[in-house]
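A.B. asks: If you want the building blocks of each chain, they are given just below.
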Amino acid sequence: MIFNEKMECLDKKGLSSIQSERLIKTVDYVHKNSKFYQNKFASSGVTPKNIKSIDDIVKLPFTIKDDLRDNYPFGVLSQNLKDIREIHVSSGTTGNPTVVGYSKEDIDLWSEVVARCLCCSGAVPGDMIQVAYGYGLFTGGLGLHYGSLKLGLTIIPCSSGQTKRQLKILQDFKPRILACTPSYSLYMAETAKEMGIDTKKISWDIGIFGAEPWSEAMRKEIESKWKMDALDIYGLSEIIGPGVANECLQKEGLHISSDVFYPEVIDPKTNKPAELGKPGELVITTITKLGMPLIRYRTRDIVTMNYEKCRCGRTSPRISKILGRTDDMFIVRGINVFPSQIEEVLLSIEGTEPHYQLIVTREHGGLDNLEVLVELNEKFFSDELKQLKHFEEKIAKEIESILSIGVKVRLVEPKSIERSEGKAKRVIDKRAL
Amino acid sequence: MKVTQVSVFLENKKGRLYDAAKILGDAKIDIKALTIAENEDFGVLRMIVNKPEEAIKVLKINGLVASITEIVAVEVEDTPGGLSAVLKVLIENNVNIEYMYAFVEKSADKAILVFRFDNPDKAIDILTKNNIRVVGKKDIQNL
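In order, the protein sequences belong to chains A and B.
So that you can map any letter, position 169 of the first sequence is 169 in this note's numbering, and since no number is skipped, the others follow by simple counting.
If you count the second sequence from 1, you need to add 1000 to reach this note's numbering.
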C-alpha cells in the first residue's frame, strides 16, 4: 500500500513544479522570520527574488551542523518559541547539542512522512508495532509513534532496553512489526536465544531499522535470525527525525519524500553537484516546515541518488543506503575515496563483514599510492602462493573498477589490523599534506 | 595413500615463523619436514608433522590461518638419480607438479619426496604402477 499515492507517484514535471512552489515559499518565509537566515542570505548575496524555481536552489548557501550549535539553543527557529509544540535534542560529542523545534504543522508532517515509511515497509492499518527505539529527546521513538498513529497501527511503546520484557511482550502480544536500531535487533536475538525462544517462529514479519548505518551483510543476518523483512529507515533530527526516507520491499534504495525534503547530492570537496549515480554528500532542504526550516542542510552522509521509477510504483527518488560519512572521505590522485566503497567490494567477494585497512602514501615524485590491507579469511586460504596472489589481484581489480585508480592489495593475518573499541581504524594517511 | 600436510599463512613480519614454531613446540608437535614459499608480502609455511589435526587446532586457537592439504609422499633411495627417476615417470605420464620438497630419513638411506599434485589420485596410480613406493600416513608418523 502507498500511503500518499498523489505525492509519492508524481511524474517528474508535477514533482518539480510542487518543489519549485514550495521552495520559493520557504525561502521567502525564512527570510521574513529567521534572523539567522536573513544574515546568511545577506552574507552570500542572495535574496528571495533570486529563487524562481527549484533549479535555483544551488544559489542558496549551505546550512551546517555548526550553525545549529553556534546558535544554541533557539537561534535557528523561524517561529516564536510559544508557537513551538515540541523540542528534540541530539547530543553532540563535542560542543553544544543540536536543538530542533517543531510546530504543530511540523508534527503533522512528521506523522505523514513516517506513515509513508511504514507503508513502504509493508505495514497496513490494524497491524501491531513494537516501537523499541528510545522515547524522549531522541527522535526515534516518538517519530515512529506519530507515524504509526497516523497510519492506524496498534502501538506498543516499549522504548529501548528491558530486553527480556520486550521479548515477553513479543511472545504474548504477537506484534507484526518491530522498529529499532539494527544492532538492537541482533542483541535481542542473542537474548532470545539465551531465553530459549525460537527466533524463527516469532510474529514479527517486518523490521524497520535505522538511526545507525548498517550493511547488506547485517540485513542478511537479521533476516535469517528473525525470519523477517529488514528495511532501512533514514532520517536525522535536524530535518525531522526518522521518516526522511525508507526502503520499500524491493530493497533497492530508500524512497525519499522529496515533495517535502528536497535532496541534492554534492561533491563535498567542490560543493558542486555530484555526477548522477556517483556517491556524494546528501544535502536536504525542508520545503514545508515552519518551526525550523533548514536550507541546503549538509547531512554529511554519503549516498548515491536514483531518479528511476521503482518497481513498487513509487516515483519518489531513492537514495542508496548510507555509504559513509564525509568525515571518512579522503582523496587519492584526485579521486574521492570512501572506505565504504572498498568495504562493499570486499563484502561482495568474501560474503562477510571484512576487516581491512587503507594506507595512503606519497612517492618522491608526488604520486599517491593506495594500499589495501585485507585480513585473510580462512575460506580463501590456499597452500599455493599463486592462488593467494590471484585472490589479491581479484580484489584489486574489483576495487579499481569502482574507484578507477590502481591499488595494491596485500593479504594480512587475521586480527593483525589494529582495532580500537572493536572497530578497525580504516584509513592511515601517511602523506605529509 | 595420501599424506597430510599442514599449511600456514604467515605475513612477512619479524618473528612470525618463530611464533608458529613455538606454538607447535609448546603443543609437543614434532615437525618432520618443512618448507616455506614466499613473496614480498607473505609466505606459506608447509609442514609434515606427527599430529596434523592437533597442529591445525593449536595454530587456529592462536589466531593463525592454517589448513590441511593432501599431498603425496614417495620414498626413494638417497642416492644420485633418486629424484630424477621419479620425475621421469611423472613427465612421461603428463602429471603436473604444483610444488614439491624433500627430506631424508634418519634411520635409513632413503629420502622422502613430497609432491602437491592437482590430481593426487591419478599421480598415486601412475607412481604405484611404476613401482615407486608411495608412503602412507602411518609411515610418516613413524619416521
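What the hints contain is simulated information worked out from the structure, not anything from laboratory work.
These numbers were taken from a predicted model, which means no experiment stands behind them.
Ideal Cβ positions, reconstructed from N, Cα and C, are used throughout, including at glycine.
Be a bit skeptical, because a hint or two may be false.
What the hints assert, rightly or not - Computed Cβ-Cβ distance ranges for the label pairs, DEER-style:
#: 1; chain 1: A; residue 1: Ser203; chain 2: B; residue 2: Lys1138; range: 51 to 59 Å
#: 2; chain 1: B; residue 1: Lys1013; chain 2: A; residue 2: Glu378; range: 56 to 64 Å
#: 3; chain 1: B; residue 1: Ala1021; chain 2: A; residue 2: Asn271; range: 32 to 40 Å
#: 4; chain 1: A; residue 1: Asp172; chain 2: B; residue 2: Ala1021; range: 30 to 38 Å
#: 5; chain 1: A; residue 1: Tyr187; chain 2: B; residue 2: Ala1027; range: 32 to 40 Å
#: 6; chain 1: A; residue 1: Glu190; chain 2: B; residue 2: Gly1063; range: 17 to 25 Å
#: 7; chain 1: A; residue 1: Ser203; chain 2: B; residue 2: Ala1021; range: 40 to 48 Å
#: 8; chain 1: B; residue 1: Ile1097; chain 2: A; residue 2: Lys278; range: 31 to 39 Å
#: 9; chain 1: A; residue 1: Gly136; chain 2: B; residue 2: Gly1063; range: 49 to 57 Å
Unchecked claim - Reference listing, derived: stretches of chain B covered by chain A, where coverage requires no fewer than 3 residues with Cβ under 8 Å from a Cβ of chain A:
#: 10; region: 1008 to 1017
#: 11; region: 1034 to 1041
#: 12; region: 1062 to 1074
Unchecked claim - To give an idea of the interface, some chain A residues facing chain B are shown, with a C-beta separation under 7 Å as derived from the structure:
#: 13; residue: Glu371
#: 14; residue: Phe380
#: 15; residue: Lys408
#: 16; residue: Leu411
#: 17; residue: Val412
A.B. asks: Does each hint fit the structure? Answer for all of them.
C.D. replies: Hint check results:
no., hint, verdict
1, A/Ser203 / B/Lys1138: 51 to 59 Å, "holds (58 Å)"
2, B/Lys1013 / A/Glu378: 56 to 64 Å, "violated (19 Å)"
3, B/Ala1021 / A/Asn271: 32 to 40 Å, "violated (57 Å)"
4, A/Asp172 / B/Ala1021: 30 to 38 Å, "violated (58 Å)"
5, A/Tyr187 / B/Ala1027: 32 to 40 Å, "holds (37 Å)"
6, A/Glu190 / B/Gly1063: 17 to 25 Å, "holds (24 Å)"
7, A/Ser203 / B/Ala1021: 40 to 48 Å, "violated (55 Å)"
8, B/Ile1097 / A/Lys278: 31 to 39 Å, "violated (48 Å)"
9, A/Gly136 / B/Gly1063: 49 to 57 Å, "violated (42 Å)"
10, 1008 to 1017, "holds (count 4)"
11, 1034 to 1041, "holds (count 4)"
12, 1062 to 1074, "holds (count 6)"
13, Glu371, "violated (10 Å)"
14, Phe380, "violated (9 Å)"
15, Lys408, "violated (9 Å)"
16, Leu411, "holds (6 Å)"
17, Val412, "holds (6 Å)"
Checked against the numbered hints given earlier, this structure breaks hints 2, 3, 4, 7, 8, 9, 13, 14, 15; the rest are met.
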